[in-house]
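Visitor: Protein sequences, first through last, are from chains A and B. Heads up, the first sequence is in numbering that gives the first Met the number 0, so the first residue is 0 and it goes up one at a time. Heads up, the second sequence is in numbering that gives the first Met the number 0, so the first residue is 0 and it goes up one at a time.
Any given hint could be a false lead.
Listed next, with one range per pair, are the computed distances between beta-carbon atoms [as the list claims (entries may be wrong)]: (1) Asp209(A) x Arg23(B): 45 to 51 Å; (2) Asn206(A) x Gly149(B): 45 to 51 Å; (3) Ala265(A) x Pro188(B): 56 to 62 Å; (4) Arg23(A) x Glu204(B): 53 to 59 Å; (5) Asp163(A) x Glu212(B): 35 to 41 Å; (6) Gly144(B) x Asn206(A): 47 to 53 Å; (7) Gly249(B) x Pro207(A): 36 to 42 Å; (8) Ser130(B) x Asp26(A): 33 to 39 Å; (9) Leu74(B) x Asp224(A): 21 to 27 Å.
None of these hints come from the bench; they were simulated from the model. All values derive from a computational prediction rather than experimental measurement. Beta carbons are placed, not taken as given, at the ideal position from N, Cα and C, and that holds for glycine.
Number of protein chains: 2
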Amino acid sequence: MKGQPCPPEGFPDLYDAIADAYDRLDDWIVSEWGEKPRPERADFLQKYWASRFPAVRNVLEICCGTGLMLEQLALRGFEVSGLDRSAAMLGHARERLGPEVPLVLAELPSIPVSRQFDAVISSGAALNYMSGEDDLAATFRSVAGVLRPGGSFVFDILGRAMMDGHAGSDVWAADLGDLAFIWEFENAPSGDYCDATYTQFLHREGNPADSYEKTIELHRLYVLDPELIRRVARDSGFIDTAVHDNYTDGPAHDATLYETWTFTRA
Amino acid sequence: MKGQPCPPEGFPDLYDAIADAYDRLDDWIVSEWGEKPRPERADFLQKYWASRFPAVRNVLEICCGTGLMLEQLALRGFEVSGLDRSAAMLGHARERLGPEVPLVLAELPSIPVSRQFDAVISSGAALNYMSGEDDLAATFRSVAGVLRPGGSFVFDILGRAMMDGHAGSDVWAADLGDLAFIWEFENAPSGDYCDATYTQFLHREGNPADSYEKTIELHRLYVLDPELIRRVARDSGFIDTAVHDNYTDGPAHDATLYETWTFTRA
């Protein structure tokens with residue numbers, strides 16, 4: 000994405016390294032950082048969409064990764080499609096979701112899909128990678144372009160309380176057996192974004208038991224101000240914007256770690 | 000040592016894995032955990048010993064590791080000897096200190112040395128591995144046995160404030176390039192000791208750039224009560240026991256992270 004820092008020489012493209020470990024990493028994020036478990040996220044979506052008319056039948060997830068959320072929605076009877084910038088991630092999604100699910104390799108704000116959906120979602124804080132108003136507006140316009148009138152857009156992002164919580168020299172690490180990783184967070188002095196360095200050690204089948212492959216990724220996560228989101232949403236053709244506290248019915252507040260946003264396409 | 004937990008199958012003996020990374024690890028401990036830099040520890044010892052008569056000329060370090068402290072003392076003109084339980088550690092000490100320095104492979108409380116020294120030291124919290132009164136008393140008696148009358152014993156240990164600070168699910172980690180590690184601390188419910196799991200990823204020269212060797216060590220660190228130390232010291236033939244705050248002239252207090260103990264052999 001435009002706002003991401005250039006990886007130093009020798010750093011892989013974002014998500015190449017993370018893709019093979021992503022499912023376990025996401026489980027760890029749920030258990031350690033308070034992200035809502037995926038089945039509960041899907042329950043929230045199903046319940047939220049149940050009150051809508053016409054009914055939500057088909058859903059596109061942008062930044063779908065390895066397809067963990069799409070799997071939950073498929074289990075609940077939705078017709079699902081996915082889009083992601085990482086071929087490595089989509090490879091895992093293909094294995095998980097089977098040969099029939101449409102999976103599109105593309106980088107936001109581009110959504111090269113020639114149909115309209117009842118709903119679009121983004122989960123796992125993908126939109127925190129948007130570097131500001133221009134990026135966000137282009138993405139919102141693309142989403143509006145693939146939603147039918149009255150369609151639903153739901154996404155989650157890290158709230159300011161979460162970003163501030165990882166400020167300074169915060170380090171997180173875990174050894175999960177054949178996967179170990181270290182997250183180092185450094186907030187920009189401006190407070191506008193947080194740079195997360197992800198160092199991964201992964202044991203590959205067939206290698207000696209004590210031999211691990213090391214990779215490093217730099218992730219820049221932007222703080223997205225709620226007022227900016229509301230304004231850009233309105234300018235991009237959305238109405239009924241609301242922000243929930245981490246996939247619950249309650250509204251987001253100052254201590255909200257994960258914001259769940261719901262828009263309706265006008 | 001007797002009080003150490005049996006390593007589970009597949010875990011190496013203590014210090015085998017850590018030896019090749021120890022110098023950089025110790026630098027990190029100094030910078031991140033507030034351990035006194037080695038030159039300042041040596042300055043403290045030199046100044047403390049300067050007031051003694053007869054002068055301190057020769058020094059034995061028990062648990063000398065890779066010889067980092069002995070190097071500092073040798074630079075200041077002391078005649079140094081070392082003892083350690085790890086052949087891997089002593090191999091590095093031999094490289095650092097040259098062929099003439101006596102280095103003894105032995106495990107405390109055994110100090111199989113047939114001479115007496117002006118001073119014995121232990122640094123880097125080695126004595127926190129003593130599991131209680133019996134271990135400690137046997138070690139103190141061995142030290143007294145290799146000290147001349149009036150000789151000096153100086154050692155540092157982690158204070159209770161330091162042990163309590165790593166309580167519960169505390170995790171520390173760093174990626175230093177060709178070395179990365181994760182420390183996971185878990186305090187015993189009794190408060191008597193802390194289990195530290197050290198997971199190390201080390202790149203070896205000649206291996207592919209992204210290939211790292213993973214090893215894990217379990218270290219059990221015991222809290223040593225000051226009253227216990229004083230009593231065992233007295234019973235083992237020491238006088239003038241004092242405890243300083245981390246190699247300074249000030250006395251240890253409730254917030255002291257590193258206690259520096261000074262004894263005199265009666």
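Visitor: Take the hints in turn and mark each one as holding or not.
Guide: Verification of the hints:
{"no.": "1", "hint": "Asp209(A) x Arg23(B): 45 to 51 Å", "in the structure": "violated (20 Å)"}
{"no.": "2", "hint": "Asn206(A) x Gly149(B): 45 to 51 Å", "in the structure": "violated (58 Å)"}
{"no.": "3", "hint": "Ala265(A) x Pro188(B): 56 to 62 Å", "in the structure": "holds (59 Å)"}
{"no.": "4", "hint": "Arg23(A) x Glu204(B): 53 to 59 Å", "in the structure": "violated (31 Å)"}
{"no.": "5", "hint": "Asp163(A) x Glu212(B): 35 to 41 Å", "in the structure": "holds (37 Å)"}
{"no.": "6", "hint": "Gly144(B) x Asn206(A): 47 to 53 Å", "in the structure": "holds (50 Å)"}
{"no.": "7", "hint": "Gly249(B) x Pro207(A): 36 to 42 Å", "in the structure": "violated (50 Å)"}
{"no.": "8", "hint": "Ser130(B) x Asp26(A): 33 to 39 Å", "in the structure": "holds (37 Å)"}
{"no.": "9", "hint": "Leu74(B) x Asp224(A): 21 to 27 Å", "in the structure": "violated (57 Å)"}
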